[in-house]
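J.: Sequence:
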Amino acid sequence: MARMSVEQRRVALIESAYRVIADHGVEGATTRRICSHAGMPLASFHYAFESRTALLCAVMETAVPSDINAMLDTILPAIIDDRPGVEALHANTRAHLETFYSLLKADPGRMQATISLGIYAHNHAELQRVGKHMYERLYELAAMGLTAAAKRAEVRYRIPEAELGPVIIAATNAITLTYLSTADDTAVKAIIDASTAALMTYVVDG
1 MARMSVEQRR VALIESAYRV IADHGVEGAT TRRICSHAGM PLASFHYAFE SRTALLCAVM
61 ETAVPSDINA MLDTILPAII DDRPGVEALH ANTRAHLETF YSLLKADPGR MQATISLGIY
121 AHNHAELQRV GKHMYERLYE LAAMGLTAAA KRAEVRYRIP EAELGPVIIA ATNAITLTYL
181 STADDTAVKA IIDASTAALM TYVVDG
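The numbering used here numbers the first residue of the sequence shown as 1 and each following residue consecutively.
No lab work stands behind these hints, which were simulated from the structure alone.
Among the hints, a few may not be true.
[As the list claims (entries may be wrong)] The calculated label-pair distances, taken between Cβ atoms and stated as ranges, are:
| no. | residue 1 | residue 2 | range |
| --- | --- | --- | --- |
| 1 | 83 | 160 | 21 to 27 Å |
| 2 | 50 | 159 | 38 to 44 Å |
| 3 | 132 | 183 | 45 to 51 Å |
Positions of the beta carbon are idealized from the N, C-alpha and C atoms, including for glycine.
Produce the complete structure using the sequences and hints provided.
T.: This is the structure in C-alpha cells:
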C-alpha cells in the first residue's frame, strides 16, 4: 500500500474503528480487526496510537460527533410545514424524528456504535471522561437543532435549549434501542409521538 503519513493513519484507523464497532461491538473491535479493515499491517498501529484506549478516545472525540452532525444535517431539510407557530414546530419535530428513524433503519450500526461506546466508556474508568464529553457534544448538537427549529417556526422554549438537548438525545437513543431490540415500528411510532408531545410542552409562541 502507498506510504501514509501518521495523520493519514490516524484518520483511517479512527474511521475503521467506528465501522468495526458498528459491526462487531466495542469488545469485538480488536486492533487486529481494525487494522485489517483499514488495510494496514498490525505493526503500523502504534505509529498512530499508543494504545487501543487512545484510539477509542479519538473515535468518541471526533468520529461520533462528526457522524451525528452529518445525520442532523440530513434530517434538517425534513420540513413539512414552513408556517410559523407551535403546530408547525410539532409537525416538523415529528418529521425529523421519523427521518432519523428511516436513517437508523438504513444503517443501524452507526447509532449502535454510539450507544455501545457510551456504555463501554461508562464502565471503564480510563474512558469515562471522554465518554461523558462525547454525550455533552451530542447534547450541544441537539440544542443547536432545537434553536434553529424554534427560529424557523418563530416560537421559543420555556427553558434554555441546552437543557432540552439531552431530551432529544434520550429520544433518539430510545428509538435506537427499541429498533435494535425489537424492530417494532409500532413501538417506535409511540416513542416518536410521546417524545414530540413532551417537547411541545416546553414551547410557546414567540
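J.: If a hint holds in the structure, say so; if it doesn't, say that too.
T.: Checked hints:
About 25 Å separates the C-beta atoms of residue 83 and residue 160, a value consistent with the hinted range of 21 to 27 Å. Judged by the Cβ atoms, the range 38 to 44 Å given for residue 50 and residue 159 holds: they are separated by roughly 42 Å. About 30 Å separates the C-beta atoms of residue 132 and residue 183, a value inconsistent with the hinted range of 45 to 51 Å.
Checked against the numbered hints given earlier, the structure breaks only hint 3 and satisfies all the rest.
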